[in-house]
Amino acid sequence: MVRRGVASKFPIARIKRIMQADEDVGKVAQATPVVISKALELFMQNIVESAVGQTRKSGGKRVAPYHLKRAVQANETFDFLKDIVDKVVDPLENGGTSTRKRRKVAKAEPAEEPEPETKEETPPSPSAETQEAAPKKEEE
1 MVRRGVASKF
11 PIARIKRIMQ
21 ADEDVGKVAQ
31 ATPVVISKAL
41 ELFMQNIVES
51 AVGQTRKSGG
61 KRVAPYHLKR
71 AVQANETFDF
81 LKDIVDKVVD
91 PLENGGTSTR
101 KRRKVAKAEP
111 AEEPEPETKE
121 ETPPSPSAET
131 QEAAPKKEEE
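Heads up: the sequence shown is residues 1 to 140, going by UniProt numbering.
Hints listed in this document are in silico derivations from the structure and should not be mistaken for laboratory results.
Warning: the hint list may mix true and false statements.
Derived DSBU-like pairs: lysine-lysine, alpha-carbon spacing no greater than 35 angstroms straight-line [what the hints assert, rightly or not]:
no., residue 1, residue 2
1, K61, K9
2, K16, K27
3, K82, K57
4, K57, K87
5, K87, K38
6, K27, K61
7, K38, K61
8, K38, K16
9, K87, K16
10, K82, K9
11, K87, K9
12, K38, K9
13, K82, K27
14, K16, K57
15, K9, K27
16, K38, K27
17, K27, K57
18, K38, K82
19, K9, K57
For clarity, every value in this text was computed on a predicted model and none was experimentally measured.
Work out the full structure: start from the sequences and follow the hints.
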């Protein structure tokens, strides 16, 4: 018996449409896409947790594609993905050089002291004086 109302992370209708796109697949039972959706959810959870472990192991804060590559290479369960992840560039495989562009930081030059300008000081506006005087009255 199929439980109705089971929340799925992946679209059941799309899974069924993909399955039926194959000529070898005939009719698809109603529960089949639900089971495939749950299996896909568990698979994604497993590979992402493994990639997060690789990220933490390398001291990173963000999961990058090369962390997924390392997760696939470290776990035999993901051997079927090795051909795909071999295309991903891993900075540690390139002799420790990072392929990421770093932002250049401009060196601060010693600031020259500006020449003192002779400006005529404008008296404060009357509204500023009244605003300053108002708190003084309240304090008394």
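Status of each hint after checking the structure:
Restraint check: the Cα-Cα separation between K61 and K9 comes to about 25 angstroms, which is no more than 35 angstroms; the hinted pair holds. Restraint check for K16 and K27: satisfied, since their Cα atoms lie roughly 10 angstroms apart, inside the 35 angstroms limit. Taking the CA atoms of K82 and K57, the gap is near 20 angstroms; set against the 35 angstroms cutoff, the hint holds. A distance of roughly 22 angstroms separates the Cα atoms of K57 and K87; the hinted pair therefore holds under the 35 angstroms criterion.
A threshold of 35 angstroms between alpha carbons decides the hint, and for K87 with K38 the separation of about 29 angstroms falls inside it, so the pair holds. As the CA atoms of K27 and K61 are separated by approximately 46 angstroms, the hinted pair breaks the 35 angstroms bound. At most 35 angstroms may separate the alpha-carbon atoms for a hinted pair to count; K38 and K61 meet this at roughly 28 angstroms. Taken as a hint, the K38 and K16 pair is honoured in the structure, with Cα atoms around 13 angstroms apart against an allowance of 35 angstroms.
Our distance criterion of 35 angstroms between C-alpha atoms is met by K87 and K16, whose separation comes to about 30 angstroms. A hinted pair counts as satisfied when its Cα atoms are at most 35 angstroms apart, and K82 with K9 qualifies at roughly 26 angstroms. Our distance criterion of 35 angstroms between C-alpha atoms is met by K87 and K9, whose separation comes to about 28 angstroms. With a C-alpha separation of about 8 angstroms, the suggested pairing of K38 with K9 holds against the 35 angstroms cut-off.
Only pairs whose Cα atoms come within 35 angstroms are accepted, and K82 paired with K27 is accepted, the gap being roughly 32 angstroms. A distance of roughly 38 angstroms separates the Cα atoms of K16 and K57; the hinted pair therefore is violated under the 35 angstroms criterion. At most 35 angstroms may separate the alpha-carbon atoms for a hinted pair to count; K9 and K27 meet this at roughly 23 angstroms. Annotation: proposed proximity of K38 to K27 holds, straight-line Cα distance about 20 angstroms (limit 35 angstroms).
Only pairs whose Cα atoms come within 35 angstroms are accepted, and K27 paired with K57 is rejected, the gap being roughly 46 angstroms. In summary, the hint linking K38 to K82 is supported, as the alpha carbons are separated by about 23 angstroms, within the 35 angstroms threshold. With a C-alpha separation of about 28 angstroms, the suggested pairing of K9 with K57 holds against the 35 angstroms cut-off.
Hints 6, 14, 17, counting from the list given before, are not met by this structure.
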